[in-house]
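Q: Chains as they are written, first to last, in the UniProt record's numbering: chain A, 1 to 292; chain B, 1 to 293.
Keep in mind that the hints are not guaranteed to be accurate.
Covered stretches of chain A (chain B as the covering partner; in silico rule of three or more C-beta atoms under 8 Å from a C-beta of chain B) [stated by the list, open to error]:
hint: 1; region: 11-24
hint: 2; region: 111-117
hint: 3; region: 127-135
hint: 4; region: 157-168
hint: 5; region: 274-283
Chain A residues, not near chain B, derived (Cβ > 12 Å throughout) [what the hints assert, rightly or not]:
hint: 6; residue: A29
hint: 7; residue: S88
hint: 8; residue: A102
hint: 9; residue: G139
hint: 10; residue: A184
hint: 11; residue: I202
hint: 12; residue: V208
hint: 13; residue: W219
hint: 14; residue: A223
hint: 15; residue: R224
hint: 16; residue: V232
By construction, these hints were calculated from the structure, which means they are not laboratory data.
The beta carbon of each residue, even a glycine, is placed where N, CA and C say it ideally should be.
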Amino acid sequence: MGDKRSRSFYVLAAFFAAYVLFLYGPMIAIYILSFQGPDGGLTFPMNGVSLVWFGKVFAGAGIVDIGAAFKRSLKLGLVVMVLTVVLSVSAGMAFRKSFRGATFLFYVAIASLIMPSIITSLGIALEFRLLDDFIIKSGAEGWTTAMGLFTSGLGAHLTWTLPFGLLIMFAIFNRFDGRLEEAARDLGATPWQTFRHVVLPIILPSVVGIGLFGFTLSWDELARSSQAIGSVNTLPLELQGLTTTVTKPDIYALGTLTSAVSFLVIFSALIVILVLQARQRRHGSDAGKGMV
Amino acid sequence: MLQDRKSFVAWLQAAPMMLIFALFFMLPLVFVTIVSAWDYNEYEMLPALSLRGYTDTFEGCIAELPGLCTILKTYLKTLKLCLLTWVLTLLIGFTVAYFLAFHVRSKTWQIVLSLLCTIPFWTSNVIRMIAWIPLLGRNGLVNKGLQGSGLIQQPLEWLLFSEFSVVLALVHLFTFFMVVPIFNSMIRIDKRLIEAAYDAGATGWQTLVNIIIPLAKPGIVIGSIFVITIVMGDFVTIGVMGGQQIASAGKIIEARLNALQFPAAAANAVILLGITIMIISALTRIVDIRKEL
Chain A
1 MGDKRSRSFY VLAAFFAAYV LFLYGPMIAI YILSFQGPDG GLTFPMNGVS LVWFGKVFAG
61 AGIVDIGAAF KRSLKLGLVV MVLTVVLSVS AGMAFRKSFR GATFLFYVAI ASLIMPSIIT
121 SLGIALEFRL LDDFIIKSGA EGWTTAMGLF TSGLGAHLTW TLPFGLLIMF AIFNRFDGRL
181 EEAARDLGAT PWQTFRHVVL PIILPSVVGI GLFGFTLSWD ELARSSQAIG SVNTLPLELQ
241 GLTTTVTKPD IYALGTLTSA VSFLVIFSAL IVILVLQARQ RRHGSDAGKG MV
Chain B
1 MLQDRKSFVA WLQAAPMMLI FALFFMLPLV FVTIVSAWDY NEYEMLPALS LRGYTDTFEG
61 CIAELPGLCT ILKTYLKTLK LCLLTWVLTL LIGFTVAYFL AFHVRSKTWQ IVLSLLCTIP
121 FWTSNVIRMI AWIPLLGRNG LVNKGLQGSG LIQQPLEWLL FSEFSVVLAL VHLFTFFMVV
181 PIFNSMIRID KRLIEAAYDA GATGWQTLVN IIIPLAKPGI VIGSIFVITI VMGDFVTIGV
241 MGGQQIASAG KIIEARLNAL QFPAAAANAV ILLGITIMII SALTRIVDIR KEL
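Just chain A, same shape as in the assembly (with noise of 0.2 Å):
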């Protein structure tokens, strides 16, 4: 490949414009679309600019009560990223020894991550529902369920959003020295300590990534929770319910809505991993600092 770009460069560099096009075109339309005037409709062309179905969003007016799955979601993607936090940096720490059963949890991570979801979903379904009949049958007065959003929702969403946290883990210390943690114990540091002030500082930033993987993923989960939810439901599945009742532009409202939330999310991981790492740069490392 000589310096001067190739004519298949030019060709190529058309086809990926095209496929960036393609992938923000429908989303632009609906984002202009959700400021469409009071009589206007699903379509172009705009009959005025107001913000009037972002007000009716907000009033719950005509539809379902958004602020409760609003609330619900944003209180379960919470969760789960602190979940997937802490279970993937533990587990992705035990992968760099050896134990028993390393392989097998490879592979189940792996099996859950690829599986299609409506199975999943419909098997938390059935664990809870026969949990359900046990707990009626051995007598528990005026029992309904166990299944719930921070129950079989939260289970749910952890298989999908663990092997991703695992997976990141990996690529993580496939890239980490382990000449660092040997120095820390040599100078008689703890395992927590070499953990706490060495590691943890070290991979911080892509530890943040995995947080903003965990919400962002349990945010916009939706196959898996289908089922598994129990009576209440998140925004994907309000928004999928709605898909086919709502004919009024207060929809794509609602995604522009949901839309600017997971851009806020990322943009705060990503000043925050970026603040990191300059940190990082600044000091070399800012281990036993006291500060993490």
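Chain B: place on chain A using the hints.
A: Chain B only, in chain A's frame:
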């Protein structure tokens, strides 16, 4: 002694994740298998061995021979949608990854352009699906544009709520799952190999077929597994973009569940799982995934 302690600590560290997978993944799969062989009535599942879930699923299949019964047609349709999506995502994904890996020379630009492809993923799948409605609908931009330019007189009805829109949305949603692993494989190809091929007189096409594709094979296989398993089990995209009119394997399970016929839903899940496992094991014969991490 020390070694034992170390591996015990490691085991403890991995245990919480193992526990989650055991409780919410492995055990549920066991229940799916067991319940698929249970009996049921209109209200509940009955824990007695029965293959009704399976026989109901294939009801009338033998009588209808040589014609295809509903369930077989549905599976064939699912496979067809899956195949179309797979071919398109592979072609597009490979080309995009190739461009990013070999034609974009600076690392910064590679990161910027990959980020550009990632940003749409920050919008929920459902939103990205319904985003096609203002474009493809009866009064959508595409129809208006075509009518305006005089190419068609009547709006095209097959643009939305059709197999076309389903495949379009699936490609839109999942091509990136091809790009990432293929790009990852390509970026590890030693550039000197390609130079050597050129020096030895290979054409661009020969280099692509004999060097790049074989070396990018792991990425291609991993991306394919992602896309195929997602599409085989999908019921949301096919539901929304098919206007709830197109049957698929995933939708059968969902419909059975909504009718509270758990053993029948489980039987269909077992069948779907079997097909998916067959496809994946065929793919993993080509490449050892573990080695590629």
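Q: Indicate, hint by hint, whether the structure satisfies it.
A: These are the hints, each one checked on the structure:
1. 11-24: Result for this restraint: holds, n = 9.
2. 111-117: holds (count 6)
3. 127-135: With 3 residues closer than 8 Å to chain B, the region 127-135 of chain A meets the three-residue bar; holds.
4. 157-168: holds (count 5)
5. 274-283: violated (count 0)
6. A29: 5 Å, violated
7. S88: 7 Å, violated
8. A102: At roughly 7 Å from the nearest Cβ of chain B, A:A102 sits no farther out than 12 Å, so the non-interface label is violated.
9. G139: 18 Å, holds
10. A184: 16 Å, holds
11. I202: Check passes; 18 Å lies beyond 12 Å.
12. V208: Check passes; 16 Å lies beyond 12 Å.
13. W219: 8 Å, violated
14. A223: 6 Å, violated
15. R224: For A:R224, whose nearest Cβ neighbour in chain B is about 10 Å away, the distance does not exceed 12 Å, so it is violated.
16. V232: Non-interface label on A:V232 holds, nearest chain B Cβ at 17 Å vs cutoff 12 Å.
Going down the numbered hints, you'll see the structure goes against 5, 6, 7, 8, 13, 14 and 15, while the others check out.
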